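Q: Going line by line, the protein sequences match chains E and H. Counting the first sequence from 1 gives a position; this note's numbering is that position plus 53. Counting the second sequence from 1 gives a position; this note's numbering is that position plus 53.
Some hints could be false.
Short derived list, chain E residues pointing at chain H, Cβ under 7 Å [stated by the list, open to error]: (1) Arg142; (2) Thr214; (3) Asp235; (4) Ala255; (5) Phe274.
Calculated from the structure, these hints are not laboratory results. Owing to the predicted nature of the structure, the values given are computational and were not obtained by experimental measurement. Just so you know, even glycine gets a beta-carbon here, dropped at the ideal spot from N, CA and C.
Protein chains: 2
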Amino acid sequence: MSEVRIIPVTGLPEVGEGDDVAALIAEAVQFEDGDVLVVAHKIVSKSEGRVVPLADVEPSPRAREIAGDDDPRHVETILREAVRIVRVRGSFVIAETRHGFICASAGVDASNAPEADTLVLLPTDPDVSARRIRDGLSRLTGRTVAVVVTDSFGRPWRQGTTDVAIGIAGMAPLLDLRGTRDAAGYELRSTQIAVADELAGAAELVMGKTQGVPAAVIRGFESRGEGTARELILPPERDLFR
Amino acid sequence: MSEVRIIPVTGLPEVGEGDDVAALIAEAVQFEDGDVLVVAHKIVSKSEGRVVPLADVEPSPRAREIAGDDDPRHVETILREAVRIVRVRGSFVIAETRHGFICASAGVDASNAPEADTLVLLPTDPDVSARRIRDGLSRLTGRTVAVVVTDSFGRPWRQGTTDVAIGIAGMAPLLDLRGTRDAAGYELRSTQIAVADELAGAAELVMGKTQGVPAAVIRGFESRGEGTARELILPPERDLFR
Numbered sequence: 054m055s056e057v058r059i060i061p062v063t064g065l066p067e068v069g070e071g072d073d074v075a076a077l078i079a080e081a082v083q084f085e086d087g088d089v090l091v092v093a094h095k096i097v098s099k100s101e102g103r104v105v106p107l108a109d110v111e112p113s114p115r116a117r118e119i120a121g122d123d124d125p126r127h128v129e130t131i132l133r134e135a136v137r138i139v140r141v142r143g144s145f146v147i148a149e150t151r152h153g154f155i156c157a158s159a160g161v162d163a164s165n166a167p168e169a170d171t172l173v174l175l176p177t178d179p180d181v182s183a184r185r186i187r188d189g190l191s192r193l194t195g196r197t198v199a200v201v202v203t204d205s206f207g208r209p210w211r212q213g214t215t216d217v218a219i220g221i222a223g224m225a226p227l228l229d230l231r232g233t234r235d236a237a238g239y240e241l242r243s244t245q246i247a248v249a250d251e252l253a254g255a256a257e258l259v260m261g262k263t264q265g266v267p268a269a270v271i272r273g274f275e276s277r278g279e280g281t282a283r284e285l286i287l288p289p290e291r292d293l294f295r
Numbered sequence: 054m055s056e057v058r059i060i061p062v063t064g065l066p067e068v069g070e071g072d073d074v075a076a077l078i079a080e081a082v083q084f085e086d087g088d089v090l091v092v093a094h095k096i097v098s099k100s101e102g103r104v105v106p107l108a109d110v111e112p113s114p115r116a117r118e119i120a121g122d123d124d125p126r127h128v129e130t131i132l133r134e135a136v137r138i139v140r141v142r143g144s145f146v147i148a149e150t151r152h153g154f155i156c157a158s159a160g161v162d163a164s165n166a167p168e169a170d171t172l173v174l175l176p177t178d179p180d181v182s183a184r185r186i187r188d189g190l191s192r193l194t195g196r197t198v199a200v201v202v203t204d205s206f207g208r209p210w211r212q213g214t215t216d217v218a219i220g221i222a223g224m225a226p227l228l229d230l231r232g233t234r235d236a237a238g239y240e241l242r243s244t245q246i247a248v249a250d251e252l253a254g255a256a257e258l259v260m261g262k263t264q265g266v267p268a269a270v271i272r273g274f275e276s277r278g279e280g281t282a283r284e285l286i287l288p289p290e291r292d293l294f295r
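Go ahead and model the full structure; you've got the sequences and the hints to work with.
A: Written out as structure tokens, the structure reads:
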């Protein structure tokens with residue numbers, strides 16, 4: 054094992070609808086083959102026009118009821134992004150998104166939005182977004198990189214959020230050690246490591262939420278295989294933690 | 054934001070009861086002030102004698118019942134480490150440990166054990182273990198480092214394990230952004246980032262489970278404050294995901 058570097062991507066302009074994220078990042082980074090580019094979904098969503106002006110939202114009675122003193126248009130946007138409401142407390146909603154992710158506000162967020170009174174949604178299909186960025190980087194730089202699109206998720210039992218992978222291209226999200234042996238020869242029977250989530254969290258360490266660093270390059274990590282972030286969703290019938 | 058490096062700690066000998074983990078690591082690493090040392094709990098547990106020979110375990114009727122065709126002494130060891138059983142399927146047990154962690158097998162693990170037919174438990178108080186290592190490193194190297202002791206945890210809703218912090222010294226586990234503003238001036242109302250868990254996961258990227266790399270140094274991350282891993286445990290009454 055050798056060193057892994059987490060390199061912040063700085064100097065990106067504010068991203069708007071129609072912007073080519075791959076081109077902007079290719080301008081900012083000297084890629085090497087094998088790099089993993091980790092991108093916060095915000096700039097991906099903005100480039101894809103996944104932004105909702107609150108003024109355009111007509112809240113339903115249910116949204117008004119949940120919102121209480123908060124903005125019912127914000128709650129309505131969350132409800133529209135949700136396929137299932139997991140929990141509501143006050144105006145705080147945990148929901149399952151169309152992608153199958155379970156997260157606060159169905160991924161709808163007001164921070165780092167392009168302007169006041171707008172909300173940013175998750176990309177429609179973050180795996181497709183990751184693939185598009187990967188293909189763009191390949192075309193523009195000639196380099197083979199993996200791409201991970203991330204969001205900050207809360208989780209049961211533990212305080213605070215960690216960044217996780219919501220879209221992946223060019224690598225397998227899980228490192229499957231089943232059948233391999235540890236240094237003492239003991240066979241690992243069930244170990245699958247969610248390396249894509251660990252890469253997402255590692256990148257967050259240099260991205261922050263307030264510094265305007267929306268991406269990072271992870272260099273020196275040997276990603277393997279192919280896959281999608283949907284593979285990280287645990288089917289309910291196999292989820293003993295649920 | 055500048056680059057963060059994840060440096061594997063290699064060349065450590067097999068650790069046994071009574072060994073001084075800080076001294077072994079101080080031999081292997083040239084520390085700099087501000088480094089975060091991430092240590093897999095296995096070597097900490099072994100140094101603290103938290104190893105159980107299966108031959109010493111007399112299984113209870115309950116352990117025999119859960120174990121089925123598996124080793125009832127293994128299940129008995131899990132039951133003894135648990136304060137609450139969260140879920141049982143077959144011989145697979147999810148439990149709450151005395152520390153308050155909810156994890157598979159109450160943290161009891163047969164892989165990377167010192168010899169066949171032994172099990173490794175979590176440290177009795179991983180925050181105390183982290184503190185002891187930090188103090189040792191300070192004494193031996195003159196450097197001020199933070200220490201994170203880790204384990205690999207499964208989680209609800211998502212496939213695979215990620216490494217998380219179970220013991221901390223010399224840094225706050227959460228980066229509290231409540232009240233700060235994003236680049237556009239929007240106030241972050243609830244954002245707390247579990248940076249200790251992100252550091253744990255980042256370190257796992259160079260540690261692996263099979264390569265005999267039980268620790269990593271994270272250099273360039275500005276950890277702040279003081280705290281314990283217990284602060285990462287979400288009280289049930291505040292846990293909307295539970």
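Q: Next, verify each hint and record whether it holds.
A: Cross-check of the supplied hints:
{"no.": "1", "hint": "Arg142", "result": "holds, 6 Å"}
{"no.": "2", "hint": "Thr214", "result": "holds, 6 Å"}
{"no.": "3", "hint": "Asp235", "result": "holds, 5 Å"}
{"no.": "4", "hint": "Ala255", "result": "holds, 4 Å"}
{"no.": "5", "hint": "Phe274", "result": "holds, 5 Å"}
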